[in-house]
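Asks: So the sequence lines, in the order shown, correspond to chains A and B. The numbers in our numbering rise by one with no breaks, and the one at position 26 of the first sequence is 26. The numbers in our numbering rise by one with no breaks, and the one at position 27 of the second sequence is 27.
Quick caveat, the hints were computed from the structure, so don't treat them as lab data. Please read all numbers here as calculations on a predicted model, not as lab measurements. One thing to keep in mind: the hints can contain errors.
[Said to hold, decoys possible] Computed list of lysine to aspartate or glutamate pairs in DMTMM-like fashion (alpha-carbon distance at most 20 Å, straight line):
hint, chain 1, residue 1, chain 2, residue 2
1, B, K44, A, E15
2, B, K71, B, D97
3, B, K44, A, D8
[As the list claims (entries may be wrong)] Heads up, incomplete: computed chain A residues facing chain B, CB under 10 Å, no partners named:
hint, residue
4, P7
5, I9
6, G41
7, G43
8, L46
9, G53
10, S97
All C-beta atoms in this analysis are idealised placements derived from N, C-alpha and C, irrespective of residue type, glycine included.
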Amino acid sequence: AQSVTQPDIHITVSEGASLELRCNYSYGATPYLFWYVQSPGQGLQLLLKYFSGDTLVQGIKGFEAEFKRSQSSFNLRKPSVHWSDAAEYFCAVEMFSGGYNKLIFGAGTRLAVHP
Amino acid sequence: NAGVMQNPRHLVRRRGQEARLRCSPMKGHSHVYWYRQLPEEGLKFMVYLQKENIIDESGMPKERFSAEFPKEGPSILRIQQVVRGDSAAYFCASSPDGQNYGYTFGSGTRLTVV
């Protein structure tokens with residue numbers, strides 16, 4: 001069955017430190033992968049997406065993610081975290097079935113940033 | 001160009017009442033998806049609709065929940081006889097053709113059942 005795993009429920013980093021949020025997926029075909037961010041009480045904002053081509057994708061707010069097919073991973077990174085990055089981050093895979101698509105989300109990683 | 005509009009933003013219902021959540025997709029989008037986010041959990045797919053058709057309702061609870069997307073007007077997620085366990089954030093997303101990769105999400109409706 002298709003699934004998305006985010007192993008880290010909570011992560012705390014210091015402002016200015018680097019960040020890596022892990023995401024592993026299980027999907028039989030070539031995946032379309034996404035990272036979304038959700039600030040408290042808000043909706044979801046798309047950070048970046050991978051469809052094909054270059055396995056390192058750049059997103060908004062200085063985020064990037066690397067698709068590694070051999071590891072079934074799509075980890076999100078940022079070289080220097082800002083306090084405003086504190087939020088919840090969701091990895092998602094778009095699965096195709098029956099001629100249409102739908103997003104399957106991971107459980108999320110809540111990021112706290114220390115000053 | 002308004003995004004996906006959901007209303008109300010917050011909804012409080014007593015146990016046993018009905019909850020109606022509305023979602024107006026982006027202009028030109030005819031595909032709507034509903035997701036539910038329980039406290040401290042990720043988003044779970046509920047239902048996928050096109051205009052006047054339910055395409056996939058595999059994530060909908062079998063009882064008390066229904067969804068529609070009429071030819072005119074917003075998509076409605078209806079929860080009858082709400083219970084405390086229905087308290088959650090309900091998000092709607094839309095896409096123009098169901099094959100667009102990545103959706104546009106609304107800000108959600110936060111339902112609290114008291």
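Asks: Now, for every hint given, state plainly whether the structure supports it.
Replies: Hints, one by one, checked against the model:
1. B:K44 / A:E15: The hint is violated at about 31 Å.
2. B:K71 / B:D97: At roughly 16 Å apart (the allowed maximum being 20 Å), D97 of chain B and K71 of chain B satisfy the hint.
3. B:K44 / A:D8: Holds - the C-alpha atoms of D8 of chain A and K44 of chain B are around 18 Å apart, at most 20 Å.
4. P7: For P7 of chain A, the interface hint is violated, since the closest Cβ of chain B sits about 13 Å away, which is over 10 Å.
5. I9: holds, 9 Å
6. G41: holds, 8 Å
7. G43: Check passed: Cβ of G43 of chain A comes within 4 Å of chain B, closer than 10 Å.
8. L46: Result: holds, 6 Å to nearest chain B Cβ.
9. G53: At about 13 Å, which exceeds the 10 Å cut-off, the nearest Cβ of chain B leaves the hint on G53 of chain A violated.
10. S97: Nearest chain B Cβ about 8 Å off; hint holds.
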